[in-house]
Every structure is written in C-alpha cells, then in structure tokens.
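Residue numbers (the numbering used here), protein chains in the order written: chain A, 357 to 1318; chain B, 1216 to 1353; chain C, 22 to 357; chain D, 3 to 559.
Be careful, since some hints might not be right.
Result set (PhoX-like, lysine-lysine): computed pairs, CA atoms no more than 25 Å apart in a straight line [as the list claims (entries may be wrong)]:
1. C:Lys52 to B:Lys1316
2. C:Lys231 to B:Lys1316
3. B:Lys1248 to D:Lys24
4. C:Lys353 to B:Lys1316
5. D:Lys184 to A:Lys654
6. A:Lys718 to D:Lys17
7. B:Lys1316 to A:Lys654
8. A:Lys506 to A:Lys1160
In short, the hints are calculated from the structure, not lab data.
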Amino acid sequence: MEEKDLSLQVRTADALSVESESNHDITPVETKRASASRGGGSDGSAGGGGDVSPSDRKVLVVGGGIGGITAALELASCGVKVTMLEEGPSIGGRMIQLDKTFPTLDCSTCTLSPKMVEVALNRNIELLSWAKPMAVEKVGQGFQVKILQKSRYVDIQKCNSCGSCSPGCPVVMKSEFNMGTGPRKAIYIPFPQAIPNKASIDKREDRPCKAACVDACPIHTNVLGYLKHISEGRFADAYMLIRATNPFPSVCGRVCYAPCEGVCNRGQLDDPLAIRDLKRFAVDHFDVDSLEVPQITKTEKKVAVIGAGPAGLACAHNLAVEGYDVTVFEALPEPGGMLRYAIPEYRLPKEELRKEIGYIEKLGVDIKCGIEIGKDITIDTIKNDFDAIFIGTGAPKGLLLGVEGEDSQGVIDGIQFLRVINSGEALTTGKNVAVIGGGNTAVDCARTARRLGSENVKLIYRRTRDEMPAAGEEIDALLHEGIEIEFLSTPIRFYAENGKLSKMECMRMELGEADASGRRRPVPVDKSEFSLPVDMVITALGQAAQTSFIEGLGVTLAKNGTIAVDSATGLTNVEGVFAGGDVSTGPAYVVDAIAAGQKAAFSINRYLKGEEVTAAWEEKKPEQLTENEVTQLAARTPQAERIHMPEVNVAERITNFNEVTIGYSPEDAMAEASRCLAGHIEGCIQCGECEKRCEVRAIDHTMRDEIIEREYDSIVLAPGFDLYDPTEKKEYGYGTLEGVMTGIEFERICSVTGPSGGDILLNGKTPKRFYFIQCVGSRDRQSGARFCSRVCCMYTAKHASIVKDRIKGAEIYVSYIDVRAYGKGYEEFYKSTQESGTFYIRGIPGEVIKTDNGLLVRVEDMLSGEMLEVEVDLVVLATGVRPRKQTEELCKIMSIERDEYGFINVDSIHPSRTNVDGIFVCGMASGPKDVPDTVASGGEAASRCMEYITTEGQMAEGGGRP
Amino acid sequence: MEEKTNKNPEIIGFACSFCTFKASEMAGSLRMKYPDGVKLVQVPCSSRVDPAFVIKAILEGADGAFVAGCHPGDCHFIKGNYYTRRKIAALKEMFDAFSMKDKLKLFWVSAAEARRFVEKVTGMYDEIKEKKNAGKKA
Amino acid sequence: MQAKKLNNGAIEGVLNEFLKDEQHLVLGFEKDKNGVSHRIFKKSLDQYSFLNPLFSTNGALFLRRLFAKGMQIVLLLRPCEIRAYVELVKLTQIEREDIIAVSVDCLGTVSTKEKIDEIPTEAGQLDAYMKETDKMRWACKVCREPRGVVGDAGIRIDKNGAFWATSYTEKGEGFLSMIEGNLEEAPKEMLISEKEKLPKFQTNMDDFEKDFSKCIMCMNCRDMCPVCYCIDCVFNGDEYLPKGDALLNKVFRTGSTNMPQGKELFHLIRMYHVSQTCVGCGACEEACPQGIPLTKYFKGTSERLQGMFAYMSGRNFDEAIPYLTFLEDELKDVED
Amino acid sequence: MKTGIFICHCGHNIKHTIDVKKLSQYFKKYPNVTVSEDYPFVCSEPGQDMIRESIEKQGLDRVLIASCTPSLHGDLFKDLLKKSDLNPFLLRRVSIREHCSWVGDDLEINTEKARRLILAGLYSAAHYVPLEEKVVEVTKSALIVGGGVSGLSAAAFLSKMGMQVYLVEKEAELGGHVRALKNIWPARKDGKEIIDEMVAELAGRKNVEIFTSTTISAFEGFFGNYEVTLATPEGEKKMTAGGVIVAIGFAPFDPIVKPELNYGKDERIITTLEFEERADTLQLPENPRIAILHCVGSRDEQIGKPYCSRVCCINALRVGEAVKNKCKDSYVESFYMDVRAHPRGGEEYFEDTQEKGVLFTRANVAEITPTPAGLVIRGEDTLFGEFFEREFDLVVLSIGMSPPIDNKLMATLFKITLDKDKFFLEAHIKLRPFDTAVKGIFIAGSCSGPKDVEESINHGRASAVKLFGFLNLGYAFVDPFISSVDPKRCSGCRMCETACVAKAIKFDEAKRVVHVEEAACMGCGLCNSTCPSSAISLKGSIDMMIDDEISALTEAI
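Chain A on its own, in the form it takes in the complex (with noise of 0.2 Å):
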C-alpha cells in the first residue's frame, strides 16, 4: 500500500467490503497505515488523530435542528458513530416550519428535506426521537447518558406512514408544527416531509373511565369517540363516526335498548349519559341521502341473505364493502323486518329507517322483496345459485294463549296488529281494549291503539312491574299516556256475544317460586276471578322463529325451534350456511340483531377467502369503577345530571303517530357529550379507533416510557430557540385582538404546508393591509431581553417580500429601530424590499387597538417626529428569539453555564466550547444565529467534537487546549 502511487486509482466496494459492507463507517486497515505512513500524521506529537479510528467513537447529539442535523453529518462523514436525540416527532427544528429563507427566498422544505433524509439514511446515525437526555454523568473522559424515550405509541417499524388512521382520530388538537395555525389529530404525522416519517400518539394520560360502554355494545360503537366530536360541536364526525361500525345509526339512535347507558361509568358518579339519543342527534345533524358510496372492488363471489331485518341488512351491508354480491330476499313487501312492520311510526318513523336502507341499496345490494323462500324460490336454488347463504329471518310467529274463546273475532295478535298497522291498512278498534303481555310490544299495541282512538286501553300483566321486561321509560310513556296496567292477572276466558267479543274473564296472580329464567312464577290466587268488557283485545306473548322453510338444508335446530348457530361466528352445521339473529336467538333487541349480521359476514368473507373462520372480535366484560376510583374522579369531576331529551306532550302525542321525542338542540348535546369522562383528558382518549383503522397494527397502547443508557465520548448541545411570547405586551394585544400574531406563526399561514396551502388568510378573507413590528422582546429591557435575537429584521424583510408577492396591492408597514441587514445579500434585500413599496417607519408603535373594520396602530415616526395612526388588517410581531425551555432542565443534568438570558455560555474564541470539557454546543443555544452561522457553528462544534474524542489522552501533546 504504502508503495502505491497516488494516481487516482478505483477499487469497487466489494474489494473493501472486508472491512465495510460499503458502510461509510469503518476504516479499513490498510487505509490507515497509509495515512500514518503519509505525512507522519501518526506520531504522538503530531496531534496524532492518525491513529485513533473515530468509528469506535459514539457522540450524543441532543437536537434535530439545522444545527444538530449538520453536526451529526459532519461527525458521521468522519466515521463517527452518532445518536441524535429529538424531543419532539421529527427532526427540522424550527428551519423546516419556515415557508423561504432569506435573502434568497429559498424554499425552506427543498433546501432541508435532502438533509433530514440524509440523517435517516446515514448508517453512522442512530434517530430517536421522542427521546430526550434524563441524566449524564462524566465518566474519565466520556459520558454516562440517562436517555428517555418517549412511548409514541406506534411501532415505528410497522407504520408505513399510510396516513389512514388520522381522519378516523376523534381528538382534535392544535398543530405544534404550525405554530397553533391549524388542527391536527391526537394521532398524527406532523407534516408530509417529516423525518422519521411516522405516525405517532399524542397521549397525555390514562383515560379516566372504563370505557364500559363500548365493551356493553354489541357492536363495540365508539361511543368515547361520537360524543368527543359531538361534545366540540362536530356533528357530521360523530355521525360518520358510528357509521363506521353500524349500518342503522338512526334506528339504533331511536329504540336501542342501549345497554351501553346502563354501564357508563359516568353513571356511578351521577347520571349515566345519553349515548343513545346523543346518537340520535348525530343523526338529525346529518343528511344520510348525501352518504357517498367508498370505493369497493368487486370480488366474483355471491351472497344470499334471507330476511331484510336488522340482522340480514347488515350483514349484506358489511359483504356488499368487502366486494360481494349481495341479494337479499324479503317475503313482506318492504325491506326493514320488525323495525319496518313493528316498531310503530311514534317510536322510529319510516323515512328514516328508508335511508339507511337506501344507502344499502346505493352500495349494490340487491333487495328482492315479497319473495318467500319455499314459495316462490325453493332454498335449493339460492343454495346452488349463491356461494353462501346467510339467514334472518327474525322470530316472525306470534305464541298463543291457549285458553278458551281466543279464536273468537275480536283477539288479535300483537305483531299482527302492529304489522297491519305499519303497512298503512285500515283497521278499527274497539272502545275498550285489552293488551296481554309485559313486554316491548304490548306496550306498542296499547300506546299504538291508544293512539287509534281507543277510549279505555289496559294493560294486563301476570306478574308485577318489576318483571316486566319492557323498557322502562317505554312502560311511563304509556301510564302518562293513560293506560293502565292491571299486573298480577291473566285472562282464563274470552266471552263472543254474537261471533263478536264482549268480555274477557280473568284470574288475581300472585308471585311464587323464581322460575327457569329466574322470575318468580306466577301463582292463580283461588277464587279471584272476575271480568273486563272488552270488544278488543290484543295478544302480545312473545314470538318464535319460523323455520320450516329450510329443512330442505338440514340445518339443526335447537328444541325451541331456532337455528342452532355459533354465536360469535354465526356458522351453522351446514357448510356456506350462516345464520343470526332473532332466528337463532328467539325474539332479541335490534342491536343485537345488527351484531349477529355483522358477524356472520365477518365470517362468510374468510369463509369465502378460504381463510379459518374466526371470531369477528372479542367480547370483553365491561368494567366498573373500583370504590376509590369513583371517590378519586367525583373528587376532580363536577356534579352534573343528565340532560334529558323534550318529548311532545301527552295531549297533543296520543292524537297522532308523530315522533314522541323531539331530540336536542345542539347546545344540550354538546353539554350533555361534554359530561363523558373520557372527553375530560388531554390528548388521545384511547378510544381504539386508530388501532381499528391501522392495517399493518402498529399502534400499541400499552408502549411505556423507557430509559436507555449508553456511553458517549462526547455531547453536542442544539437545543435550538424559542420564541418570545409577546402576551405580556398588553399595548399589543397579542391573543386579545384577533388579527394580531407572531412572525412565526405568519410564518405557517404562508407557507405551502400549512394550514391554508399558502394563502393568506384572516378568518377565510384575504388580508390587504398589513403592520410589521419588529424587536417585540429584542432590544428591550421590559421583557428582560436587552439583546439583539438577529434574525428579526431580516425574517420581516422576507414576510412583507412575500406579502407583496402573493396579494397585489397590498399595503405594508414596518416599525423598527435600526434595520440590521448585515449578512451576505441581506442589504440589497432589505433594500429591494423597501423599493418594492414596504413602508419602512423608524420607531416602535405605542399601541394597538381594535376599530370597526381593522386594527388601527399607534406610532411616532421619529424622522418626521410626527404621530400616525395606521389602519390595518394584520399586525405581526417579529418577537425574538429565547433559549428553548428544554435548555435549563438540559444546562442542569450537565452542569453547563449559561448567562443571564438562558443561553449556554461559550467564547467567541471557541464559539462551542462550554465550561464541561467536551460538552459542545451550537446554534442559538448559545445566542442568537441566522441559518449560515448556524450550519457554521454546527460544523464548528463537530470539529472540537471531533478533536476532543480522537486526540483524548494527548491533550498535553496536541497543545490544542489551555
């Protein structure tokens, strides 16, 4: 080697891959005896860095600014082994939220972007960000770092930076990026260049409640999430959010049973919240006609499903996303099952039930309706037409009393009634009827008759209120409504005067032994009957599924006449067969129907994929508060009951079929949300939609903090700045008067990524007239700061450059004192700048104050000595720069001096050496910098970084450093 001429001479890579996989970062052997051959550099006296291979040599950098990011490439371009540390999400420090660059009015995001690729590409750099120094100790020569790595809560080797889990985050934050300018998500990206180009999790502490409203769902409805959006007025968000997991949001807003209320923690400190009607309101906020059908591609595969109920619709809704043909096959003439032909128009009115089925229809299903299955197509078609077969077909068939007279004209059955009803017939009832049952829909028959002009409507229930298992509110809307029930009887006889019913014979009851479902048998008490006239009476004694149509498949039934499903797959003994609902249930609630469906496509599209079959989710107790916990949250949580929802009053409800419930008014929902435990924190609330939405499952909730320690040879500090907050400045009016903002903050209203793509925008109009006021907390002993931040002067030069640019004719102003445009190029632009029509004014504006169409600034202009008074539409404070907050607590674990306005203390000698040997610092750290100096002083700090740790130990030698 050493006899080698030094003609330029190529070797490949793989000729030196014995040393290095083509890696920057080790010197190959014979490499180095060459240049301690050459120039002698080797011996001891000499400096001797020859020797010292700086790839065994680690350096920290704490920051992921221009400054860091240049002192990392140098140190790393030398072979050195770099960490740099960002505090925040991604490198670019404060350069990078810049729009242009003066003099040069370069693109900022161009000219960094390459070299934050740079620093993620370069194998000697190792990037965490998230990560901040904790503790360091000087060890001989080197340092003992404490680092802390922030959990972000998204495993940076999955995420792919799809960007698909943000517009589903119900949290909405200000961006730090654009300075507060414009929102972001608690889980977020911070903008399109950012490096490392990751998602992560804004998460500020541990959610206060259970969540144990989403695990009672049936369908787990991100319950947290709507009432997040609804409680910060975004109405649309909230509906597309339930949407998401639950085809009848409307349906559901109206007549869910809604177990969720029943468990909400909320409910333990005082009153459970009104998730169900707050959902309705979601939906009275939004036009579900103008839902767009999402991109879907098409699979070969069809499905039949058999009953368009709650249970078949959303099941052919989930296949016909996934792709699938759907048709479903519905024997009534309209699609909608019990929610269309029982529930009645007062509880859930059609049009709204007809949208939501609309939308099915707009995703390709295909509702065939007035088929019945047997009659007019045999099962055996469908099954060898389609590649799977789903069945709902509900719990249709009425149960009988079985006592004498009940075939007698004049006794009805509940569904029946409802079902004659709902399809709009005709149909008269008497003056006295009579309801038998206890449940959901005998009250409908009676609140339903009532409404039809029945003068004495009664209720007869076997045991006492307590067992009945209709709703609650449901049972008081119908005593307000003037129904009375008569509990504790059961009709024996029904008597017919003339074919026609004329009175119904009855028995007392009384409680006894708790039976199979746990309720008390009733017991006939001797010798207590007696009679009720009636000339109607209606029989609601619960339902059974109807399944003869499907023997032909030879699906198993239970004894109760049900199909026998799995009911966390929906899968029944026969292959491609599926089934759920209340046909496998017996009679249920419609969410529960709605989960059956939804499980069972989940099943059929792995089914038909040739995939195992699987549960669609799994079921998860919900939780309760623990003793304290309660006491703890009651303690930070103000009282506040719920807000109920106006209903129309009885005189005016019972004389028509109109909706009973009037639903909120936006102010009473948002108070109402706002009372969810879960919207009481900062930051994610841990609501599961991102993790629902992540395809390559890279969030992880249960990340935790760590604390890494390492050894370093030495520390580079680029803690970078912050800038002033001009609030204090009352005669501005910064945060009081809108219109007034920051340099930075213009600066993001500029620039391309921000907010507003680049226009200039004051609340959507565009500003014509603007007011520059430089030194705001530079030069200014009040604010404590009597020195000059540098780059004030020349970044307003820049902003009223682009001003001029992008709004003709606009009007601009600028205060100042001196005009200090004393870097390379910076004159000529300051100059261009003024001859380009930018109103320079020497002296600093007394006030600001607010007038009817703008913001009118005070000033002496102190070459003409006269007072003006200019009228304008933006004012922007050029505010100085200040250490970054970090600073102190970092000066602190390193016991590194600073001077009395935070920045590090260095000599303009050594400009990064501090007062701990080798510990070195650039950027404004150490005092205010425009880009160059700073890109130098980082170059510089990575040469006395350099020096430090290759010539350690020779120091006396090296005569480098006093």
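Place chains B, C and D on chain A using the hints.
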C-alpha cells in the same frame, strides 16, 4: 396519434427528483387529485432532460409534455436548471414555430409546492383537453 | 470602414506570393470548363475565381477535424462557409491556429442541380444575371448575411465592382499586411448591403409531415451539413432508427408504425441539434435526393432559436454557443 | 432477461383503488417477466422473504417493486437485493401509491395508469446494468490558502486530526488583518495574542508545512488528488492535496474612492485600521473632539458597495470605547445609518458605549472639510431632519470590507464563481455556506463576504471538518450514478466540458476525446443532454431508459 384523438389527453412530465417529483409525492400523500393523463418520468435533475425526449414524447402520441424542476437558484446541482431554462426556452420557441406551443410547458415547482404542482398540471391538462375537443367539433 | 482597395489581380499576386512557401495552402474556388468548384491550391493559384455562383456543398465541410499545425491555410470562401467554419472552431473541430479565414461578398448562388451552360463569375455580370434570371437558390434569396463581414478578414465589392479587403481580427490584419497599398476609408454603399430581417418562420406539423413524407432516411442532409459534426450520430444507433428485431420490438410496444420509422423524429431532433449552429447555407437541401425543402425548416427554425439569445452562428469567434452558458437573470417569462 | 414484478396492496391503500390482481395477472404473461405477484405488504417480513425466495429460486436478474414512492423505505429493498446476491442497482421501484392510488378515484383508470407506470419501469429496467459504488483513493492532505484566523483554525483542526496540511500565506507573516487589531471585542484580547495562540498550536506539528510569502503558481487535477505548485521564496514546490480550503480574507476598503471625505489629504482623517495602529501615538489636544463615521465603503451604491460590511459598527464602537477609556471628557460622536451591533452581546456593548458618553447621531454625512482649526463635518441629521456643521480634531472612518485582491486569480485557479460584489459565491447561501460547486474545494471566512473573528473561526473549522469527512478514510465513495464517456462516439467538441457545473470533465488533447473524473462528477446529467451524440451518458438514467419509459407511457392502447 389519430386513434387517440377521442381519448383524454396524455401528458408526459419530466420531473426532477429533488423538487418536482418530491412535490408530486407530497400531492399524493395529501390525497390531492389530478388527471390520470399526467404521467411523470423521474430525472435526477431537470438539466438531464434532453429536448429529444420531449420531441419523442410528442411524436409518439403524447398530447403534451412538460419539464419541471427546482426554482432557478434552488438547483440541487447548483446551476443545472439555468441550463434547463435555456434549452427548454429554445425548444418552446421551436414548438411555437411548428404551431404547437401549448404542447410544451416549463414549470418550477419546489418540493413543498404540492398544490402548485397539482394546479400546474391540471391547468395544462384542461387547456389541452379543451383545445382537443374544440378540434374534434371543428 | 478602413480597407485596402484591390487593383485587378492584386489578390492573386499576393496569394501566389503566399503559396511560394511549401507549407502554405489556399482554399478557394477554381473556374474551369465545367463550372466553378472548391479547390485547395498548392504552389500556385490558377483559374482562381473570387466568386462561385454555383452551390454544391458548403466548403467548411472539408475542414472538419482539421487539427494539424504547421500548414498555413488561407480560406477565401462565401460568408456562409466561413460562418460554418467559425462554428466548427468553437466546437473544437478545427484547429484555428494556422488558418486565416477570409469571407468574400456573395452575390447569391445557383444550385448545381439546375441546368445551366454558361454563368458569369465577374461581379457586375453575375449581379445582373442573378437579377434577370430567377435561378438564385431560395437559401441565398433569404440569406441572412451575404456580406464578407465574418471570419478573420473580408473582401467586399463596391458598386463599381471594385474589391476591398478589410480585417476583423489580428490574423486578418496579418493577411491585410500582405497586400500592398494603405488603408483608406471604403465607400459606405457596397454592392450588397445588409439584409433586412425576415419575418419569423412559422409552420405547422401537418405541413411538416407532408413535406417530409417523401424522406427516405438516406441522411444525406446530415452528412452534407457542415455543422453536423458528430463522428457517430445518435441516429446510427437502434435507439432512433430501429431496424430488424429492434423494429419489431418497437412495433410490439408502440403498435403499428410507418417506415422508414422515425422520419419526423430524426429531422426535428437534428433541427434542434443544429439550431444554434446552422448557418442556413442550404447544403442539406442540395444533398436531398427527394427535393424536400429542408432549408425552409432548418434555416427558419434555427434563426428563430438563435434570435432568442441575440446569437448569430459564425458571426464571431468569441460568442459562446447559447446552450453552453446562461445568465442568472434572464428568461423570466419562460415558466408557464 | 428474468424480471420479477411485485405489486404491493399496501393494505387497502392500493388494493382498494387499483385492481392489483388484474395487474399481476397481466404482467405474468408479459415477455421477460418471470414472476408477477401481488402481496398485501411487500415491505413486511413475509413480503421480503417472498421476493428473496423468487430471486433465488427463479434466478431473477431484475426486480420491480410497485408500491409506495421510492423515497420511502430508504434502502430496505436495496439491502434485500444485496442479501439475495443481486446487484442492488437492478432494482426498480414504481410509485403507484402516491402517483395513482391517492391521486385518482376511479379504479379502472387508476389501474390503467398503474399498468403504464409499471410498464415504463419494466422497459427502463431492461437497460439496467449492475453498478458498483466505486471508491477512489484520496490523499489525506489539505492545501489551505490564507493564514488568517479561518485558515489557521482550519489548519489547527486538520493537523490535529493527523492530516498533512500545507498552509500558504502570501504575506511574510501569518495572521491576516486580525493580527493588527487591538482589544478585539468580545474576546477582549489583542489580535496578536489570538494569532500567536493559534500559530503556537501548529508549531509543534510535523504534519504542518507553512509557506509564507508564497503564492500558488499552478493547480491541476481533481478531488482527492489535486496537484499543487507553489512559488515560494525558496523556489517552486510541488505537492498533492486531497482538498483545498481557500481563506484569503478581505481587503480593507480604501476611502480614497470617496473624495468628499478628503481621506489621505489630512492626517487627522484616519481609518479604523489606522486608529488601531496609531492609537497611542496620535497627537491630540486633551479632551479631543472625535468623530466616527459608520458605513464608509458599505451600503453605498454609488461606489458599487451596496452590501453591509457586518463588522464596522462594532469596530466603530470599539474606537469610541477606546477613546472614552483614554479620556473620559473627550467629545465622541458617531454618525450612523443603523447601528448593526449584531453579534452576541453586541447590543449590550452598544448601550454600554452610549453610557460611557459616546454620542450617536443618525445622519448622512455630506463632506469633511479640513481647516487649520479642525475638521468640519457637514451633514444632515436624519432624526430631526436638520442640517448640521460640527468641528472635530480627529475623524475615524469605520471602513468596510472589500473583496480580496486576489479574488479573480483564485477564482480562475480553483474554479470558484464570484458573486455580484466580487466575493466568492457559496454553493448554497444557507446550507452550504462554505462549499463551492467543485468537490473538495471550500471557501472559508470573509472571502465569501464580510465576517467577524468568531464567524471566521466557525467557517474555518466547519469547512475543515467537512474536508476531513471527505478524506479521512483515505478513499472516497463515488455515487455510481455518474457520467461516463464512450470514447468511440465522442467527437471532442467539448460542449459537455464547458457546461459541466462540477468541472468534472476533462479533455484529452492527444485523443481529442473527453473523460469524466468520477470523484468530481455530481451526477446531474447535464452533459448527457448537452451531447448531441450522447457519447457521454449518465449511468442509471441513460437515454435508452428514458426513451423507453416514454414509449411505455405513450403506448397506444
């Protein structure tokens, strides 16, 4: 060329890796929409674009072509796009001489200007589409 | 303009003197019974003709890749030929050191394809001939610079047909010093005056395709072009003119294709390549067996493109070829 | 040719907007395509295993991955190819996520667009050849031109890192202008002290050669191995340097240019530099009246010095302070436009000098008229808008910085561009403030524009560390995407040479063809598009690749 006239315009764009292509990536990740007719060829620097490429693209049936790079002065290769500017300016003059000025455009789009990118290409697309349809009617 | 008046035969005398040296050559025109043509004179100058009314090729073509030193050469050629020579010098295709380029006023030329028996070579008569007959080549009719004002020196003809020699560079002065007599102010009015600018060339693809449909891709235009200097043209490769498998491959990709494949491509790209160096001599058209009006397109286009940069090919030795330089602050409005 | 095409679903991102199945099926049948698969997440472990497997099993020689945009996933797939013993430069990535899925709504149309883009990738990949990251031997030595603070601090660092350093100073003494300065602010040291410290640091080192009263007579070659010829008092010296740091500083502005100041006509009118030298020897009455003029030779378009010289305000303050320290009761008045006390602590320094009693008058000075009694300054007070006329015993002109005398010489020697003020032009004013277009050649300190001591030191060391990074391995890696010449096709017209920004192309007089200095090439491809016969072409993006991409994209369907 003939059999394509009833189709939507096809536009070939030559985009420099450091600015315009980056901008187009950003346009994508921001889910901004622009016509499918616009298709990019990535080049290291706009100065790599040989006018022959543009001529070829047009003769092979593209309804338009554009060359896009960093703003003058921002070039990653320090001066490249100044040469681009001269070459493409000349080529545009040539296209003008052959009465097909509208078929060649030169854009400066920086890495951050996703929206500018979308505006530029959409603008060009619509313009050409309009001319095309007008041509068909005539 | 300071110049030396040439009495009859003066220049021949000078050149003969010059040619006495073994190492000296003159490239000019010779007149014989078959007409006038290029000739390199050694030793002595016989049947020399100042003017060559017949155009076959551009003389600069013969000078391409002339790098040898030691042979002193004097060029006495038409302005279009000298301009091509200058461009070739810029493109380091000619070693300029030992060459003196003298441009001679040109009264226009007739194509060698034309049928003509007798054509005058004396300035006055030739001028008349050109005016009477309509035989002058189109290229010459629209010539941008027929005056001997390019190169190292120039020979101008005044209204009375008298010749004037003047210099534009040091070399030119050297040449001038060989001629006896002193410098005097030459008459303002010369036989040929500066041409007025022509309107911007304008055409369209249909006409272009129509005109070039006859092209057989023999590429004579390229081979005879003085400024098409590449030793290996891109169009020799399969990239632009695919044949055989390459052709099939292309058809497979781009569907049906006319043949010879890529005529338009060839001509348009060549047009761009020579756009800054083309001197509009029309040699290409002379070379075309199909009689395609190449000059119209090449000259027209190149003049437009040169105009953009206030450039004129071959005007002088120092102007950089526009594509090889730039100003930071120019062409602000090219961007769309 | 055996190409493997792998189309990523990116979960729903691509799958839901592009018919990936259809595409993979379509390309299965395509000539030269051996494998064509679509996969949920190509970037996932199983995804990569799949690719690797098919490379090994099917013996693929090209891999095309249609997924997210190439800039994502960094070197993931390159490394994958490496692991599978396939040259990483045989990988082609096609962005169908950012450029199809996310920019169009219609499945059909997106799919067709994606097909074209993949086709384009396929065609161009057909021309791919294995490339290698070359490494070139470089000399671990640096030439530093200029022995001022920048040059010295660069030398200090590089020599300490064991590099051979050749420090060239055209003056007899090191230290540049700083050496002359007294009590430099904020260091509060004499320039001499600072310089001596720096020189002392170098003194001990065998790997530093210092050449004073020396100029550079010739400079040849390319990055890593520049051939330098020096003209030293002892005669000519030749050496090889890996890189160069040009730190030739500035020239003080000469106020002669401004006759109205009468500088040179009266010894009571001196410059700040002269003040430094003569401070003690000046003959002044006690309690002298002293005027200080700011911006002499700065911010002055008439004399072609529109720029601000950055340091003169501080210098003016120093003069004021010095006088006041000497005699409290002297009358000192500073005439300024804006006080640009920009360095850290400068503002406070400004205030302190004011408190010391130095008066600051915002004014335009029209002229200085020497009279026996004193120097009369006439001008306009721009604060009160009134004209004034005051008499002084001494006028100190705070002169600005002008470009170094040798700027043009050095510019041609080292291929550095000059900016409009004739200072050196940096590669990028913000992020590459001491780089030039030519690799391994740096400009440090005030030769690229006025700078103070601290800034010059920063520059010197920062450029030094950058140069060290280039050279410390003894070899440098060369990006494979560089130009190369086919000598058979080259006509030697030297157009590429003229155009090349990096000056990486060299002409061989004998063979009359050019060749590329690989270490210097930036890989922009300008030469390629400039060469009419494409005799020079950019590896990784040769004409045929782009031509065929175009064919694919314009393909008639």
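Original post:
Are Lys1316 of chain B and Lys654 of chain A close enough, with their CA atoms no more than 25 Å apart?
Top reply: violated, 43 Å
**OP:** Decide if the proposed pair is consistent with the structure: Lys506 of chain A and Lys1160 of chain A, CA atoms, cutoff 25 Å inclusive.
**Re:** violated, 43 Å
Subject >> Proposed proximity, Lys1316 of chain B with Lys231 of chain C (alpha carbon, max 25 Å) >> reply: Answer holds: Lys231 of chain C to Lys1316 of chain B is near 20 Å, not above 25 Å.
Subject >> Hint consistency between Lys1248 of chain B and Lys24 of chain D [alpha-carbon to alpha-carbon, up to 25 Å] >> reply: This hinted pair holds, its Cα atoms lying about 23 Å apart.
Original post:
Keeping to a limit of 25 Å between CA atoms, is the pair of Lys353 of chain C and Lys1316 of chain B held or broken?
Top reply: Since the Cα atoms of Lys353 of chain C and Lys1316 of chain B sit roughly 17 Å apart, the hinted pair holds (cutoff 25 Å).
Subject >> Restraint status (C-alpha distance of Lys184 of chain D to Lys654 of chain A at most 25 Å) >> reply: violated, 83 Å
Subject >> Satisfaction of hint between Lys17 of chain D and Lys718 of chain A, Cα-Cα up to 25 Å >> reply: holds, 21 Å
Subject >> Given pair status - Lys1316 of chain B, Lys52 of chain C, alpha carbons within 25 Å >> reply: violated, 48 Å
Checked against the numbered hints given earlier, the structure breaks hints 1, 5, 7 and 8 and satisfies all the rest.
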